[in-house]
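Asker: Each chain, written out:
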Amino acid sequence: MIRQLRSETAKVTTTTTIVGLLAALAGLVVLAIVVHTYALPDERLAAGDGQRELLTDIGISLGGLFAALIGALSITAEFRTGTIRPTVLATPRRARVIAAKALVSAGTGALAVIVSVVTASVAAQVTLSIRGLASTPTAGDYVELLAGGAIAGGLLGVIGLAVGAIIRAQVPTFVALFIWLLFIENVLVELPDAHRFVPGALAQGITGLNREGVLQDVWPAALLLCVYAAGALLVSVDATRRRDIA
Amino acid sequence: MSAPVAEVEGLTKSFGGVPAVDHLSFALHGGEIAGFLGPNGAGKSTTLRLLLGLAAPTSGTARVFGRRYADLDEPTRSVGAVLEFADFHPNRTGRNHVRVLALSSGIDEHRVAEVLELVDLSAVADRKVGGYSLGMRQRLGLATALLGDPKLLILDEPINGLDPAGVHWLRAFLRRFADGGGAVLVSSHVLAEVEQSVDRVLIINQGRLLADQSMTEIARDGGSLEQTYLAITQAVAL
Ligand SMILES: Nc1ncnc2c1ncn2[C@@H]1O[C@H](COP(=O)(O)OP(=O)(O)OP(=O)(O)O)[C@@H](O)[C@H]1O
Ligand SMILES: [Mg+2]
Chain A
0 MIRQLRSETA KVTTTTTIVG LLAALAGLVV LAIVVHTYAL PDERLAAGDG QRELLTDIGI
60 SLGGLFAALI GALSITAEFR TGTIRPTVLA TPRRARVIAA KALVSAGTGA LAVIVSVVTA
120 SVAAQVTLSI RGLASTPTAG DYVELLAGGA IAGGLLGVIG LAVGAIIRAQ VPTFVALFIW
180 LLFIENVLVE LPDAHRFVPG ALAQGITGLN REGVLQDVWP AALLLCVYAA GALLVSVDAT
240 RRRDIA
Chain B
0 MSAPVAEVEG LTKSFGGVPA VDHLSFALHG GEIAGFLGPN GAGKSTTLRL LLGLAAPTSG
60 TARVFGRRYA DLDEPTRSVG AVLEFADFHP NRTGRNHVRV LALSSGIDEH RVAEVLELVD
120 LSAVADRKVG GYSLGMRQRL GLATALLGDP KLLILDEPIN GLDPAGVHWL RAFLRRFADG
180 GGAVLVSSHV LAEVEQSVDR VLIINQGRLL ADQSMTEIAR DGGSLEQTYL AITQAVAL
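So the sequences go chain by chain: A and B.
Numbering-wise (numbering that gives the first Met the number 0), the first sequence opens with residue 0 and increments by one.
Numbering-wise (numbering that gives the first Met the number 0), the second sequence opens with residue 0 and increments by one.
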């Protein structure tokens with residue numbers, strides 16, 4: 000298992016894919032923050048938790064999406080390029096391959112959300128000060144965003160990997176993740192009782208976002224997202240063992 | 000005779016009810032180089048994938064060293080394989096491709112450099128595989144197959160794209176490998192090359208074994224491998 004973990008870590012660090020994706024994420028976050036800090040009215044940004052909510056909506060949500068995409072990529076890229084064949088020839092116990100990928104995807108997922116939150120925070124500081132508004136989040140807010148975001152990103156990374164291992168094809172996997180996280184979860188906002196249990200909302204809940212349609216208890220939210228990740232992972236291990244590799 | 004290194008018995012694999020491999024049986028022993036021949040779509044690659052545990056048989060068994068591939072403790076130290084497609088991430092260097100696989104088998108860096116040198120890729124090992132030529136990719140595939148110093152090589156059309164020097168090198172390499180007790184199962188369509196490099200041929204069509212003959216037998220019958228092959232495969236087609 001340690002060997003496989005080393006191999007999976009080396010896979011991530013020996014291509015430039017992840018650096019490119021994190022750079023794209025940071026760019027998107029800056030763009031979103033700049034647009035929002037210019038467009039939102041003063042009273043939304045100056046009062047109460049307005050700025051913190053903005054950091055959650057952009058930093059956690061975009062970071063979480065990329066965490067899932069990077070997790071998915073760790074397996075779909077192997078199917079796309081064919082490296083899955085030498086991978087399972089070297090490690091025919093396929094559950095071990097998925098387990099090692101899950102650990103690495105948790106790490107890259109946490110990293111994605113951290114990059115996203117840090118970028119969002121810095122960009123917000125700069126644009127708010129240009130606009131002449133004071134920064135309102137406290138040190139405690141940042142700790143919650145970063146620590147909660149890392150946990151949420153790790154779990155979303157595992158979920159992304161599981162979806163990728165089940166679907167296998169890269170584009171359909173990405174489309175599925177986009178449709179779920181960007182479309183279905185947004186539609187469900189209208190049904191707060193259901194929305195609070197979807198992965199994206201749980202990710203926000205883990206960072207302590209206080210809003211209708213988001214589970215407001217950090218630990219139950221984390222636990223439920225853990226259950227989703229574990230469930231998805233089990234299904235993906237079973238599917239990977241059962242099916243042929245073309 | 001010693002226990003077979005690779006053995007398939009009644010091996011059958013169907014796709015959507017259509018058999019690609021159909022009750023195939025043969026055994027391969029140490030010291031032997033067997034050519035695996037047959038028309039396009041005959042079921043060669045499928046058989047090799049079944050032997051390597053990439054696909055599960057519909058019925059029958061495929062074993063290497065007496066076990067299913069997936070049950071081998073250190074598979075890369077027993078079996079090396081080059082499959083029909085070039086399986087590389089274009090964005091990774093050749094050296095890193097080999098290293099990633101070495102790490103998962105617990106094989107050290109020293110051996111990575113050694114196999115790259117063996118297939119004559121040291122000079123380009125730090126370039127991205129996306130820029131490799133067909134033959135360079137084929138050599139890289141061989142490097143990964145040799146990584147664990149295996150006793151059985153399973154090669155699916157390995158000379159595809161190799162230059163004459165590469166073909167010559169591979170022929171000599173496989174001979175030394177077999178002389179050292181190793182076994183080779185190699186599929187190919189290049190009969191002139193097969194004729195020079197194998198001890199025995201297995202000819203299949205539509206997933207079924209048509210012939211299993213030593214090269215000595217074929218030579219004794221007076222024909223070339225090509226004549227024998229065409230006679231056997233066309234007799235079935237008619
Ligand atoms: N994953 C798959 N799904 C459906 N059919 C398949 C699959 N893999 C192989 N086949 C079919 O099985 C048959 C045997 O294919 P295989 O690739 O084993 O042939 P081959 O002998 O290697 O041919 P070639 O000389 O062209 O490489 C073909 O009819 C092929 O279409
Ligand atoms: Mg083939």
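Bear in mind the hints are in silico, worked out from the structure with no lab data behind them.
Only a predicted model underlies this, so the values are computations on that prediction, with no experimental measurement involved.
Do not rely on the hints blindly, as some may be mistaken.
Claimed, not checked - Listed next, the stretches of chain B that the computed footprint assigns to chain A, with coverage defined by at least 3 CB atoms under 8 angstroms from CB atoms of chain A: (1) 22–35; (2) 80–91; (3) 150–164.
To be verified - Derived pair list, reagent style SDA-like, types lysine to any residue, alpha-carbon separation capped at 20 angstroms: (4) Lys150(B) <-> Pro91(A); (5) Lys127(B) <-> Leu127(A); (6) Lys127(B) <-> Asn185(A); (7) Lys127(B) <-> Val18(A); (8) Lys150(B) <-> Thr15(A); (9) Lys150(B) <-> Phe172(B); (10) Lys127(B) <-> Pro91(A); (11) Lys127(B) <-> Thr12(A); (12) Lys150(B) <-> Lys127(B); (13) Lys127(B) <-> Thr15(A); (14) Lys150(B) <-> Gly16(B); (15) Lys127(B) <-> Asp48(A).
Using N, Cα and C, we set each Cβ at its ideal position, and we do this for glycine too.
Asker: Against this structure, judge whether each hint is valid.
Answerer: Cross-check of the supplied hints:
1. Counting residues of the region 22–35 of chain B whose CB lies closer than 8 angstroms to any CB of chain A gives 0, which falls below the minimum of 3, so the coverage claim is violated.
2. Using a Cβ-Cβ cut-off of 8 angstroms, 10 residues of the region 80–91 of chain B lie near chain A, which meets the minimum of three, so the contact claim holds.
3. Against chain A, the region 150–164 of chain B contributes 0 residues with a C-beta closer than 8 angstroms to a partner C-beta. That does not satisfy the three-residue criterion, and the hint is violated.
4. Straight-line distance between C-alpha atoms of Lys150(B) and Pro91(A) comes to about 18 angstroms, which keeps the hinted pair within the 20 angstroms bound.
5. Only pairs whose Cα atoms come within 20 angstroms are accepted, and Lys127(B) paired with Leu127(A) is rejected, the gap being roughly 44 angstroms.
6. Between Lys127(B) and Asn185(A) the CA atoms are separated by roughly 41 angstroms; this puts the pair beyond 20 angstroms, and the hint is violated.
7. Straight-line distance between C-alpha atoms of Lys127(B) and Val18(A) comes to about 17 angstroms, which keeps the hinted pair within the 20 angstroms bound.
8. Among the hinted pairs, Lys150(B) with Thr15(A) is inconsistent with the structure: their alpha-carbon atoms are about 36 angstroms apart, more than 20 angstroms.
9. Of the pairs offered as hints, the one joining Lys150(B) and Phe172(B) holds, with about 13 angstroms between alpha carbons and a cut-off of 20 angstroms not exceeded.
10. For the given pair, Lys127(B) sits about 27 angstroms from Pro91(A) by alpha-carbon distance, which is inconsistent with the 20 angstroms threshold.
11. Straight-line distance between C-alpha atoms of Lys127(B) and Thr12(A) comes to about 14 angstroms, which keeps the hinted pair within the 20 angstroms bound.
12. Between Lys150(B) and Lys127(B), the direct Cα distance comes to roughly 30 angstroms. Violation of the 20 angstroms bound is thereby established for this hinted pair.
13. Between the alpha carbons of Lys127(B) and Thr15(A) the distance comes to roughly 11 angstroms, so the proposed pair stays at or under 20 angstroms and holds.
14. For the hint linking Lys150(B) to Gly16(B), the alpha-carbon distance of about 35 angstroms lies beyond 20 angstroms, and the restraint is violated.
15. Of the supplied pair hints, the one linking Lys127(B) and Asp48(A) is violated, its CA atoms being roughly 48 angstroms apart against a limit of 20 angstroms.
When held up to the earlier numbered hints, the structure conflicts with 1, 3, 5, 6, 8, 10, 12, 14 and 15 and fits the remainder.
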